[in-house]
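Enquirer: Protein sequences, first through last, are from chains L and R. Counting from 0, one number per residue, gives the positions in the first sequence under numbering that gives the first Met the number 0. Counting from 0, one number per residue, gives the positions in the second sequence under numbering that gives the first Met the number 0.
Any given hint might turn out to be false.
[Unchecked claim] PhoX-like cross-link-like pairs, simulated, lysine-lysine; straight-line CA separation at most 25 Å:
| id | chain 1 | residue 1 | chain 2 | residue 2 |
| --- | --- | --- | --- | --- |
| 1 | L | K387 | L | K138 |
| 2 | L | K209 | R | K108 |
| 3 | L | K48 | R | K237 |
| 4 | L | K392 | L | K138 |
| 5 | L | K269 | L | K221 |
| 6 | L | K112 | L | K138 |
Hint data in this document are derived by calculation from the structure and do not stem from the laboratory.
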Amino acid sequence: MKHLTLVATASVAALATSIAHAEPLRIGIIESLSGAQTSTGRLYANAVKYGVDRINEAGGFNGEPVVVTEYDNAGGAPEAADKFRQAVADGVDIIVQGASSAIAGQLTEDVRKHNIRNPGDEILFMNLGGEAMELTGDKCQFYHFRFTTTAPMRVNALTSAMKEAGDLGTKVYAINQNYSWGQDMQAAIEAAAPEEGYEVVGEVLHDVNKIQDFAPFVARIKSAAPDTVITGNWSNDLLLLMKATGDAGLDVTFATAFLDQPGNIANAGKTALGHYIANNYDNAAGDGTFAETYRQATGHLPIFVEGHSAFAMAQLQEALKGLDFAGGPINVTEIALALENSTYDSPVGPISIRKEDHQSIRPVVVSKVVENPKFPAEGTTLGFAPVKIVEGKDAIYPVQESCEMDRPEG
Amino acid sequence: MEFAIISTLNGVTYGLLLFMVSAGLTLIFGMMGVLNFAHASFYMLGAYVAYAISPIIGFWAALVIAPLFVGLVGMGVERYLLPRVHKHGHAHELLLTFGLALIIEELIKLFFGDFPVNYQMPAELRFSAFTIFGTDYPFYRLFIGGVAVVMFTTLWLLLTRTRTGIVVRAAERLPHMAEALGHNIPLVFMFVFGTGAALAGLAGAVAGAFYPTNPNMGIELGVIVFVVVVVGGLGSLKGSLLASLLIGLFSSFAVGLDWSLASLLSLVGLGD
Chain L
0 MKHLTLVATA SVAALATSIA HAEPLRIGII ESLSGAQTST GRLYANAVKY GVDRINEAGG
60 FNGEPVVVTE YDNAGGAPEA ADKFRQAVAD GVDIIVQGAS SAIAGQLTED VRKHNIRNPG
120 DEILFMNLGG EAMELTGDKC QFYHFRFTTT APMRVNALTS AMKEAGDLGT KVYAINQNYS
180 WGQDMQAAIE AAAPEEGYEV VGEVLHDVNK IQDFAPFVAR IKSAAPDTVI TGNWSNDLLL
240 LMKATGDAGL DVTFATAFLD QPGNIANAGK TALGHYIANN YDNAAGDGTF AETYRQATGH
300 LPIFVEGHSA FAMAQLQEAL KGLDFAGGPI NVTEIALALE NSTYDSPVGP ISIRKEDHQS
360 IRPVVVSKVV ENPKFPAEGT TLGFAPVKIV EGKDAIYPVQ ESCEMDRPEG
Chain R
0 MEFAIISTLN GVTYGLLLFM VSAGLTLIFG MMGVLNFAHA SFYMLGAYVA YAISPIIGFW
60 AALVIAPLFV GLVGMGVERY LLPRVHKHGH AHELLLTFGL ALIIEELIKL FFGDFPVNYQ
120 MPAELRFSAF TIFGTDYPFY RLFIGGVAVV MFTTLWLLLT RTRTGIVVRA AERLPHMAEA
180 LGHNIPLVFM FVFGTGAALA GLAGAVAGAF YPTNPNMGIE LGVIVFVVVV VGGLGSLKGS
240 LLASLLIGLF SSFAVGLDWS LASLLSLVGL GD
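Just chain L, with the same shape it has in the complex:
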């Protein structure tokens, strides 16, 4: 009898505490945590966790720590759709993804459908790395926010900064991967030609991460005799291309988007010297405070995509500051509205959201590979030195006409 009383008291006590607990904000990271894109997916997840830890250190949200859950999409869109359903079942309010545009395309459609079918129980999609133009074009929607650059932002920043530095030349060769991102890059390179005064002397779109030998492409580049090669290639496609060019003794400057991917600089060695990159953030471009804080929390300096992903979470933190649900249910639409009006002062400049298509208006950092930089890349004497920080208002491009956003009523 005594035992039964004890159990009864315990369960009443448990019930009481669960009532006292407010509803936590739940964030789901649906990321490529196994398979070929693990290296990138893991970095996004690291940075999101770092950002959430900062929110929780400052007292969390809605009276509770923010809960973050990882879902492994194994690098594929169908798996991502499965994991999205699982996240919905777990009551996630915000989903985050960065490693793939294709997966971002799947998730933004899933979110749109979910929100139509479940009014009052919406889900917000924070896109940290899907750069395909269609995500803020054809597929643009109120609950999708892009916290990274797109092809025109990178290309315009690259070409204008390189022209100022006198490294651009007048003949440009475009070599890109044959899918949405590479095609966007090629279109952006063509579009920027008249303004920056260069001629596109050759264009190639090739298979994505299937080519083992870039020597034939180098032969083509050589016969076009460009001053600069602009490429959106990432991973092996960039490394092999640079190595093949270096081996052939071809003297061109590479203008890239993903040269800061870990392993690239070390593998390319001296071949990489003098090449350019345009990205969201570089440690050498800030004053070093953020880099040091990040290192203390995670054990390493922010690399590759970690910087800008941490900024996205910090921007969410800014937006949440103005909201108070008094421990009640989380209203995702209000979070989205607050995000629209938020501005985050990142180490390289302010980041805000364009209301028409939810593309972030953000600075673009253009850097160059030099010897003995402030932050050398893994085990080398090489690294990036900032050349120019293009401010958000100069880097941004017009809203795409294909974007027709349905805003929530009221």
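Given chain L, put chain R in place with the hints provided.
Expert: Chain R only, in chain L's frame:
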């Protein structure tokens, strides 16, 4: 002319690299009939082992030790894993080796991380062999090709001109007959599998220093080497050499020629 010569050179060296990887698979798949999906993983394993030990024992010694190590792994697989599923047929062997490929990939990531490692060729090999039409041709490409040629010659002589070769061919053609004549067939199979794996390991150790050594290098080559073995004819060493060269040349020339079906149709007035 310039294009043709450079493309041919590139195509031949790439073809020879493909041959290096697929030679082992020809032995295993073509002769023993084992669908070894993990073959390209052996290639990756060779590159990583060579990367790990070359700072200690030097590049050249690593080129010897890495294939031996991978060969031993291969023998272990043939000895302890494959017999368990052999009686269930090809599908089970395929599933087993597919699982093995995943395990090797994840183990590599566990020990060496997700990113490409910095496995470099020694400085004394980093020079240009000759200059053709103003473009330097790296010596290491010729080195890769040379290793492949030596590998082909040795294997071919071994299989056709020696007593060991006769036993191996007999064991693969008529295993029961060869066994009845007093040859230890399981041992022969184990050594053939080990040699096949070791060849892939050697290819990885040589090519990993030129192409980036990363956890995806196995997946990237995995499919194409099966194509080589099938196009070349199962179990035919000469066939797989020919198929490798063919695929190498084809991919090299295809890159340079911007022809499409649409431009062909525009000849008869169907263009845009």
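Enquirer: So, for every hint listed, does it hold in this structure?
Expert: Evaluated hints:
no. : hint              : result
1   : L:K387 <-> L:K138 : violated (32 Å)
2   : L:K209 <-> R:K108 : holds (20 Å)
3   : L:K48 <-> R:K237  : violated (55 Å)
4   : L:K392 <-> L:K138 : holds (24 Å)
5   : L:K269 <-> L:K221 : holds (20 Å)
6   : L:K112 <-> L:K138 : holds (12 Å)
In summary, the numbered hints that this structure violates are 1 and 3.
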